[in-house]
Amino acid sequence: MRHLFNVLILFLCLATAAARAAHTQVSLLLPANPAAPGTTLLVGVNLKMDPGWHTYWKNPGESGIATRIDWQLPHGVTAGEIQWPLPQVLPPAEVTTYGYHEDVVLLVPLTLAADLKPGPLVLRAEVSWLECQDQCVPGSAPIEAALEIGSPARRSASAAILESWQAKTPRSGDPLPFQARWEKPAVGDLRTLLLTFPAGQIPPMLPVDAVDFFPDASEEYEVQAPAERILDSSAHFVIRKQVKKFSGNWPATLRGVLILERNGNREGYDVALPIRDGTPAAIVASASPGQSQTQSLWKMLIYAFVGGLILNLMPCVLPVIALKILGFVQQSQTAPGRVRALGLVYAAGVLMSFLVLAGIVIGLKSAGHQAGWGLQFGNPVFLVCLTVLVTLVALNLFGVFEVTLGGRALDAAGSLASKHGAAGAFFNGVLATALATPCTAPFLSIALGFAFAQSAPFILLIFLAVGTGLAAPYVLLSWHPAWLKFLPKPGVWMEHFKVGMGFPMLATAAWLFNLASGSYGKNVLWLGLFLVVTAFAAWIFGTFFQRGRRHRGSALAIALLLLAGGYAAALEGQLHWRSAIAPSANAGSLQESPEGIDWQPWSPEAVDTARRAGRPVLVDFTADWCLTCQVNKKTSLEIPSVRAKLKELNALALLGDYTRTPGAILSELNRFHRAGVPLVLIYPKNPAAPAIVLPEVLTPGHVLSALDQASH
Amino acid sequence: MKTLLTLGIVTAFAAAAFGLEIGKPAPDFTGTDIQGKTIKLSDYKGKIVVLESYNGSCPFCKNHYHSGAAQELQRDLTAKGVVWLLVNSVGPENSNHRTPAEARAEWADQKMAATAWIDDSAGTLGHLYNMKTTPHLFVIAADGVLAYEGAMDNNPKPFGDPRAAKNYVSAAVEELIAGKPVTVPQTKPYGCAVHYAH
Numbered sequence: 013m014r015h016l017f018n019v020l021i022l023f024l025c026l027a028t029a030a031a032r033a034a035h036t037q038v039s040l041l042l043p044a045n046p047a048a049p050g051t052t053l054l055v056g057v058n059l060k061m062d063p064g065w066h067t068y069w070k071n072p073g074e075s076g077i078a079t080r081i082d083w084q085l086p087h088g089v090t091a092g093e094i095q096w097p098l099p100q101v102l103p104p105a106e107v108t109t110y111g112y113h114e115d116v117v118l119l120v121p122l123t124l125a126a127d128l129k130p131g132p133l134v135l136r137a138e139v140s141w142l143e144c145q146d147q148c149v150p151g152s153a154p155i156e157a158a159l160e161i162g163s164p165a166r167r168s169a170s171a172a173i174l175e176s177w178q179a180k181t182p183r184s185g186d187p188l189p190f191q192a193r194w195e196k197p198a199v200g201d202l203r204t205l206l207l208t209f210p211a212g213q214i215p216p217m218l219p220v221d222a223v224d225f226f227p228d229a230s231e232e233y234e235v236q237a238p239a240e241r242i243l244d245s246s247a248h249f250v251i252r253k254q255v256k257k258f259s260g261n262w263p264a265t266l267r268g269v270l271i272l273e274r275n276g277n278r279e280g281y282d283v284a285l286p287i288r289d290g291t292p293a294a295i296v297a298s299a300s301p302g303q304s305q306t307q308s309l310w311k312m313l314i315y316a317f318v319g320g321l322i323l324n325l326m327p328c329v330l331p332v333i334a335l336k337i338l339g340f341v342q343q344s345q346t347a348p349g350r351v352r353a354l355g356l357v358y359a360a361g362v363l364m365s366f367l368v369l370a371g372i373v374i375g376l377k378s379a380g381h382q383a384g385w386g387l388q389f390g391n392p393v394f395l396v397c398l399t400v401l402v403t404l405v406a407l408n409l410f411g412v413f414e415v416t417l418g419g420r421a422l423d424a425a426g427s428l429a430s431k432h433g434a435a436g437a438f439f440n441g442v443l444a445t446a447l448a449t450p451c452t453a454p455f456l457s458i459a460l461g462f463a464f465a466q467s468a469p470f471i472l473l474i475f476l477a478v479g480t481g482l483a484a485p486y487v488l489l490s491w492h493p494a495w496l497k498f499l500p501k502p503g504v505w506m507e508h509f510k511v512g513m514g515f516p517m518l519a520t521a522a523w524l525f526n527l528a529s530g531s532y533g534k535n536v537l538w539l540g541l542f543l544v545v546t547a548f549a550a551w552i553f554g555t556f557f558q559r560g561r562r563h564r565g566s567a568l569a570i571a572l573l574l575l576a577g578g579y580a581a582a583l584e585g586q587l588h589w590r591s592a593i594a595p596s597a598n599a600g601s602l603q604e605s606p607e608g609i610d611w612q613p614w615s616p617e618a619v620d621t622a623r624r625a626g627r628p629v630l631v632d633f634t635a636d637w638c639l640t641c642q643v644n645k646k647t648s649l650e651i652p653s654v655r656a657k658l659k660e661l662n663a664l665a666l667l668g669d670y671t672r673t674p675g676a677i678l679s680e681l682n683r684f685h686r687a688g689v690p691l692v693l694i695y696p697k698n699p700a701a702p703a704i705v706l707p708e709v710l711t712p713g714h715v716l717s718a719l720d721q722a723s724h
Numbered sequence: 030m031k032t033l034l035t036l037g038i039v040t041a042f043a044a045a046a047f048g049l050e051i052g053k054p055a056p057d058f059t060g061t062d063i064q065g066k067t068i069k070l071s072d073y074k075g076k077i078v079v080l081e082s083y084n085g086s087c088p089f090c091k092n093h094y095h096s097g098a099a100q101e102l103q104r105d106l107t108a109k110g111v112v113w114l115l116v117n118s119v120g121p122e123n124s125n126h127r128t129p130a131e132a133r134a135e136w137a138d139q140k141m142a143a144t145a146w147i148d149d150s151a152g153t154l155g156h157l158y159n160m161k162t163t164p165h166l167f168v169i170a171a172d173g174v175l176a177y178e179g180a181m182d183n184n185p186k187p188f189g190d191p192r193a194a195k196n197y198v199s200a201a202v203e204e205l206i207a208g209k210p211v212t213v214p215q216t217k218p219y220g221c222a223v224h225y226a227h
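Residue numbers (the working numbering), protein chains in the order written: chain A, 13 to 724; chain B, 30 to 227.
These are computed hints drawn from the structure, not numbers from a lab. Idealized CB from N, CA, C, for every residue including glycine. It is possible that part of the hints are untrue.
What the hints assert, rightly or not - In the SDA-like style, the derived pairs of lysine to any residue whose C-alpha atoms are separated by at most 25 Å in a straight line are:
| no. | chain 1 | residue 1 | chain 2 | residue 2 |
| --- | --- | --- | --- | --- |
| 1 | A | Lys180 | A | Pro132 |
| 2 | B | Lys217 | A | Thr204 |
| 3 | B | Lys186 | A | Thr204 |
To be verified - In silico negatives: residues of chain B with every beta carbon more than 10 Å from chain A:
| no. | residue |
| --- | --- |
| 4 | Glu50 |
| 5 | Arg104 |
| 6 | Gly179 |
| 7 | Val213 |
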C-alpha cells in the first residue's frame, strides 16, 4: 500500500514536471515500416500543443523562433528540408507571427541509401521550439523511432495522418501567373507592394474568398501582415502589403507562400516572384519564371499564327482572298512555277506590312506612347487614303483600268502574267494586312495583348507569326495548286467572278466612307465627290491611256490633272482633310432605338459610382470600325433577352467608344491585357468581386450567364 | 465599411511609422519608473539614450540577463554618460506582468545597471515607439534624433553567448560618441511578442 502510494506520488510529480517543462509533446511518425532501401520516406514530426499554446512556422514573423529538428541518423539515411504545412497568423494583432495551434506535423523526407542492409535501424532527432501562450517558453525533446529496413514495404498506421498533413503543405512548381510589383516609391523604410493574379490568364480561377501572402524569413526586410484586398477589375485579385526594410536594398524577388482561401479551404503556392516597378507588367511571373516565360511565348506565337489564319475569313479580308484564288486558277494551268513565286511574293507583302506595323508599335512604345491594335482607324488621314485605295481596287475589279507592272501596255499574251505580276501580288499582301487590322480575330487579341507589353524582339516575333498565319494558306495553295481542282476550268466565269468581287470591295469603301464621316461630319460630301473625280480619272486612264490607240499622252495628262485638281479643290480646299475636327464625346444616353439598351458614356468614375451603389455594370468597349464589335452588339447585346435581364438586375450599361476617347480606353484595355476592342466586361453587384471578362466573339448565352453570375 | 476600416488601420500603421524614423527626432514621452520617479525623454537632451523593451520572463531577454551580458553593457555605457531605460509594457492581466515591487526585486536580483525601469503597463510608450518584441532596442542621439532601432545583436535565439554576438547597440553608441555616422541604423528585432494590455 505504501509502495503504491509512493509510486502514485512519483507519478504525480513527474506529470507536473512534464507540464512545467513543456506544453508541447513531440513524436516521430513513419509512413511505412518496414521500408525498402533506395526509397525516400516522408516522415513526420508531430508537435501536440496544449490548448492556447502555439509553436512557430519557418518564418516566425516579428517575434518567436522557428522549430528546429537536429537529426542523428544512422549511416545511409539522409534528411532533407522540412516541408511546413500552411501556418496561421497568430495573435496578438500588434505583432505578426506565423505558427501552429494545438497540432502540427512537420514533414521531412528521409532518403534511404540503396545499399542499406536489411535489419532494424533507430532514427533519432532533437526537436527544439519556442512555445508561447501569453508568455514564451523554449522547449526541446528527443524523438526516436525504430525502422525496419526490408521488403516488402508496409504502410504504417500513421500513413494516412502524414498524407493529410502533406496535403496542407504549399504546392510548388505549379506555374500560376502571380505577379508582384511595387505600388510606388518607398516612403522612409516602408514601401507598398501589390500582389496580383491577372484576369484572362490560364488556368481560369474560381472566385477566391480571401488571399494572403506569408513571406519567407529575412533579416533585411519584412512583409507585414495586414493584407488589404483592393478592387481591380483587371485581376482575379490584388492585395496590398506593406514591406518594411531593415537593411540592404529593397528586395528584387519576393519569396514565400501565397494563400488562396475559398469555401473555408486554404491552398498555398510556393512562389518566387520578381518584383517589378511601377505599372503592371504583363510578363507572366510564376514559381518557375524562366520556363513559363518561354512556355507562354510559344503559346502566344501559336495563338498569333492561328489568329492570322482566322483573319483570312474575316469579312474585310475575304475580297482580297477572292482575288488571290482567281490568280491561282488563271495561272496554275500555264505556269505552276510562277504561281509558287507569286505565292511567296504575296507572303513577302504580308510579312513586310506586319514588319512595318511592328516597327510602328515599337516606335510608339519607345517614344512613351500607348499603342493599340486598329487605332489607326481613328486617324482620319488614314481613313481617307484607305477609302480612296479601296475604291480604286473596286474599279480595278470592274475592269475600269488595269494594274500593270512598269506601265507596260496590255497585250494578249502578257495579259495574264502582268495582271497578277509580282507587284500585284505584293500589293495584295499589303492590302490584305491593311484590311485585316479592323478585324481582331479571337486568339489574335490575346497574342497581341501579350505582344504589346513585350520588348521589341518579342513584338516583332508575334507580329511575324500573325503575318505568317495570314499568308500561310496562299503559300500552301501556290505549292499545291492541284487542291483547287474543284474549281471550274478558267473561262468567262472568271471575268464575271472578278467583277462580282468588286461589289464587296465597293461595300468596304462605303463602310470606310461612313467611318470618315465620324471625323469630318457633313463635309464628308467632299470626300465623296473626290472619289467620283478619282473614279472618272481612273476610267480615262484605263480607257484612253491603257487601252487607247491615239492621244494617249493627253489622256494621261487629263487623268493626272483631274486627280490633282480634285485633290486640291475637294480634299484640301473644302474637306481640310489633314486637320479633321475631333468630334466631341457624346454626353447623355447613347440609346440607339426607343426600346434599345440605355447606354451611357463610359468613364472609370461612372463604373465606380454604379458599383458603390451596388448595381451590376455592363461595359462594352467598341469602335465603329470594329466589325467584331458590331456583330457582337447585334447578335448578343441589343437583343430582347439581354435588355430584359439588364432591366431586371437594374444594371447600368456603359459604352466606351474607342474612336472617340482612345486614351482612357486604351489604358483600360491594357489593364485587361487586350490590345484592342472588342472588350466586354460585366462587373458583379458585389463591389468586391472582380470584373467578368467576356470572350471576343459573344453569344447571347455568354452575356446572360455572366449577368446571372453578376447578380449574386 | 470594411474598406474604410482597412484604410484606417493602414493609416494608423503609416502614422506610427512616420512618427518614428531613423534620422528624425524621436518622439518625446513622459513615464513613471518603478521607484515612482517621473522620466521625461526631453530631460535627457545632450545625452545618448538607449530604450530597451524588456520582459524578464521572455527567454530571449533572460538569455541577455542571466548571462550577465546586458548588465555588463549597461555598466559600460552608463559610465560613458549614456542613459539606459528599460521599458516593460506587459499588461497587468498577463502572467509575465511585474508590479513595481516585483520589478524592484527583479532589478536587485539581476543586478541591473540601467538608469531606470519604466513601468509601461498601459502600453503607451510601447505603442508610441511601435515596440514589437522583447528585447527591442532604440538608440537616441544626444541631439534627440533616432539613430538606431532593432535587435540587441545578431543572435536571434534564446540561447548562445551574447558576448560572442555582434552587439548593434554598443556599436551604434560607440559610433555616436566618436561622432561617426551609425553604420547599421536598423535591424530586424527578434524575441517574444510584447504582451500589451488589451
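In terms of Cβ atoms, is chain A entirely out of 10 Å range of B/Val213? violated (7 Å)
10 Å cut-off, C-beta based - B/Arg104 kept clear of every residue in chain A: Check passes; 27 Å lies beyond 10 Å.
Could you grab the alpha-carbon distance between A/Lys180 and A/Pro132 and see if it respects the 25 Å cut-off? violated (31 Å)
Is it true that the CA of B/Lys217 sits at most 25 Å from the CA of A/Thr204? holds (18 Å)
Between the alpha carbons of B/Lys186 and A/Thr204, is the straight-line distance 25 Å or under? violated (30 Å)
Please settle this one: B/Glu50 was flagged as non-interface, so is its CB more than 10 Å from every CB on chain A? violated (5 Å)
Would you assess whether B/Gly179, listed as outside the interface, keeps its beta-carbon beyond 10 Å of every beta-carbon in chain A? For B/Gly179, whose nearest Cβ neighbour in chain A is about 6 Å away, the distance does not exceed 10 Å, so it is violated.
Hints 1, 3, 4, 6 and 7 from the list above are not met by this structure, while the remaining hints are.
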